[in-house]
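Quick note, the sequence shown lines up with residues 1 to 439 if you use the numbering used here.
Rather than coming from a laboratory, the hints here were simulated on the basis of the structure. Treat the hints loosely; a few may be bogus.
Stated by the list, open to error - Have a look at the derived ranges for each label pair, beta carbon to beta carbon:
(1) M1 <-> P73: 55 to 63 Å
(2) A46 <-> E416: 28 to 36 Å
(3) N435 <-> I78: 27 to 35 Å
(4) K325 <-> L182: 37 to 45 Å
(5) T286 <-> S244: 22 to 30 Å
(6) S297 <-> I100: 40 to 48 Å
(7) K123 <-> L372: 13 to 21 Å
(8) G188 <-> N23: 43 to 51 Å
(9) G299 <-> L372: 47 to 55 Å
(10) L22 <-> K194: 44 to 52 Å
(11) D83 <-> Q411: 36 to 44 Å
(12) G29 <-> E139: 27 to 35 Å
(13) P371 <-> K194: 43 to 51 Å
Unchecked claim - The list that follows gives simulated cross-link-like pairs (lysine-lysine, BS3-like), each with its CA atoms no further than 30 Å apart:
(14) K123 <-> K194
(15) K194 <-> K94
(16) K268 <-> K194
(17) K242 <-> K263
(18) K194 <-> K325
(19) K304 <-> K325
(20) K325 <-> K39
Note that the structure is predicted; figures quoted are calculated from it, not measured. C-beta: ideal position from N, C-alpha, C; glycine also.
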Amino acid sequence: MTGPSEVQHLLKIIAQAANDALNEYARHGEEVPSIYETKTHPLDIAETAFTLKKAIRTLEGACNQLCSTLAPPLHTVINNAHDYYWSCLRVAAKQGLADILYDHQGGLHIEVLSQRLGINQDKLATIMRTLASRHCFREVAKDVYANNRLSLALRSQTPGAAFLDLQTCEGQQAAFYFQRYLDDPTYGPSTDLKHTAFTYSISGFQGTFYDWIKQNVMTRGMSGMNQVMGTLSILEVFPWEKYSTICDVGGGNGSFTWPLIQKYPALKVTMFDLPETIAAAEKVATQKINVNHVEFSSGNFFEKSPPHNLDIYYLRNIIHNWPDKSAVSILESVGKAMGNNSRLLIPYSLDKVGTNSSEMEELSYHIVQAPLPMLPDFGYGNMRLHNQDLTMLFMYNSKERTVVELMSLSQDAGLELSNVWDLGETAVLEFTKSNNRSG
Numbered sequence: 001m002t003g004p005s006e007v008q009h010l011l012k013i014i015a016q017a018a019n020d021a022l023n024e025y026a027r028h029g030e031e032v033p034s035i036y037e038t039k040t041h042p043l044d045i046a047e048t049a050f051t052l053k054k055a056i057r058t059l060e061g062a063c064n065q066l067c068s069t070l071a072p073p074l075h076t077v078i079n080n081a082h083d084y085y086w087s088c089l090r091v092a093a094k095q096g097l098a099d100i101l102y103d104h105q106g107g108l109h110i111e112v113l114s115q116r117l118g119i120n121q122d123k124l125a126t127i128m129r130t131l132a133s134r135h136c137f138r139e140v141a142k143d144v145y146a147n148n149r150l151s152l153a154l155r156s157q158t159p160g161a162a163f164l165d166l167q168t169c170e171g172q173q174a175a176f177y178f179q180r181y182l183d184d185p186t187y188g189p190s191t192d193l194k195h196t197a198f199t200y201s202i203s204g205f206q207g208t209f210y211d212w213i214k215q216n217v218m219t220r221g222m223s224g225m226n227q228v229m230g231t232l233s234i235l236e237v238f239p240w241e242k243y244s245t246i247c248d249v250g251g252g253n254g255s256f257t258w259p260l261i262q263k264y265p266a267l268k269v270t271m272f273d274l275p276e277t278i279a280a281a282e283k284v285a286t287q288k289i290n291v292n293h294v295e296f297s298s299g300n301f302f303e304k305s306p307p308h309n310l311d312i313y314y315l316r317n318i319i320h321n322w323p324d325k326s327a328v329s330i331l332e333s334v335g336k337a338m339g340n341n342s343r344l345l346i347p348y349s350l351d352k353v354g355t356n357s358s359e360m361e362e363l364s365y366h367i368v369q370a371p372l373p374m375l376p377d378f379g380y381g382n383m384r385l386h387n388q389d390l391t392m393l394f395m396y397n398s399k400e401r402t403v404v405e406l407m408s409l410s411q412d413a414g415l416e417l418s419n420v421w422d423l424g425e426t427a428v429l430e431f432t433k434s435n436n437r438s439g
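Based on the sequences and whatever the hints tell you, model everything.
Below, the structure is given as structure tokens:
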């Protein structure tokens, strides 16, 4: 395909994806709001907006490829390297700018904002101009700024704000030191949790990222990630009503357990996590639900298996935190607890298929590839998944694994893939015990 032909095909893909997104908004009863409004659309918080997610994935990937095709290479490379938008987002979130402007729909002058925040007026103006140029906040008059759809996502009570805090502090710090880390003769080749890019970035620190991060920040940050990724959409897709007993393995503060029980109150759920985490979850449970719905079991899955012979074992945000050897140990621990009819569910990044995925992968594992001339994995349309992959590397010496990689690990643990539940941007893999192994 020639360059001009690629451009024409990309333009058609962009038009189709944009129309698909518009139709999805209309299908939910309201047209898409303007970026300058503060109106909330039902799709803004919908967990199961699969069609919209797929349209946006295509749109972002095709638009980015179109710009990369038409712009001079140096223009694109320097723009990517010279991007401090994340720093401005961090200032806005930490200073509570969206919270302040929430009570001032007409906006506030930069001088007033400067006085409220105690930040130099010229410096704050530079930050606000940068944000507004990318449609986060709106300049309604000269030097007068108000909220818009994007800036409202920075309000302090939103889960996304906590995830942003995590990514723009620890995440960026690890990213800065990543090149030096790779060259270090001790840290660079290691897969140890104590030898990550993040731990390298802190002089004298001998622990792991788990030791460093505060539990409350991590919990809120994970809630933000779950909302962005739509991981709770499995509640709408998987047939939970067919089962009676569930084990939320490594369930943390219950960010999955509570919505599950609320939607399926007949289920009996067991939360399994470290003793201190379970103690905190028990306190939260009294505020969330009838505690008769939940049993609490404490233990370290490297030393103790979860409760045995339950119908479903759900392993969310766990496997991607660990190198392969540890991941297999976790899967073996859960496998020992599983009965012959038990199921293990593991969320994964559905479209992390690489740029040269085989036809076998696509057909066998329901992986949808992008139309030509786009990259098979939708390129920039899946950039958050690639960034999440890097986050796992920076923080844990681990990665987001493909379906084939997870199948390999599961086979080593005596498990086999039985189904794939497509959630749009992500998916959930369903495993059973291998025929040649029994509990």
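Taking the hints in turn, this is what the structure says about them:
1. M1 <-> P73: 55 to 63 Å: violated (19 Å)
2. A46 <-> E416: 28 to 36 Å: Because 33 Å falls inside the window, the suggested range holds.
3. N435 <-> I78: 27 to 35 Å: Since the Cβ atoms of N435 and I78 sit about 56 Å apart, the hinted range of 27 to 35 Å is violated.
4. K325 <-> L182: 37 to 45 Å: With a Cβ separation near 21 Å, K325 and L182 fall outside 37 to 45 Å, so the hint is violated.
5. T286 <-> S244: 22 to 30 Å: holds (24 Å)
6. S297 <-> I100: 40 to 48 Å: At 44 Å between Cβs, range holds.
7. K123 <-> L372: 13 to 21 Å: violated (46 Å)
8. G188 <-> N23: 43 to 51 Å: holds (49 Å)
9. G299 <-> L372: 47 to 55 Å: With Cβ atoms ~50 Å apart, the hint holds.
10. L22 <-> K194: 44 to 52 Å: holds (50 Å)
11. D83 <-> Q411: 36 to 44 Å: holds (41 Å)
12. G29 <-> E139: 27 to 35 Å: The hinted range 27 to 35 Å holds for G29 and E139, with Cβ atoms some 31 Å apart.
13. P371 <-> K194: 43 to 51 Å: Cβ of P371 to Cβ of K194: about 44 Å, so the range 43 to 51 Å holds.
14. K123 <-> K194: violated (38 Å)
15. K194 <-> K94: holds (29 Å)
16. K268 <-> K194: violated (37 Å)
17. K242 <-> K263: Holds, at roughly 14 Å.
18. K194 <-> K325: Measuring from Cα to Cα gives roughly 15 Å; hence the hint holds.
19. K304 <-> K325: holds (17 Å)
20. K325 <-> K39: violated (48 Å)
Going through the hint list in order, the structure does not satisfy hints 1, 3, 4, 7, 14, 16, 20.
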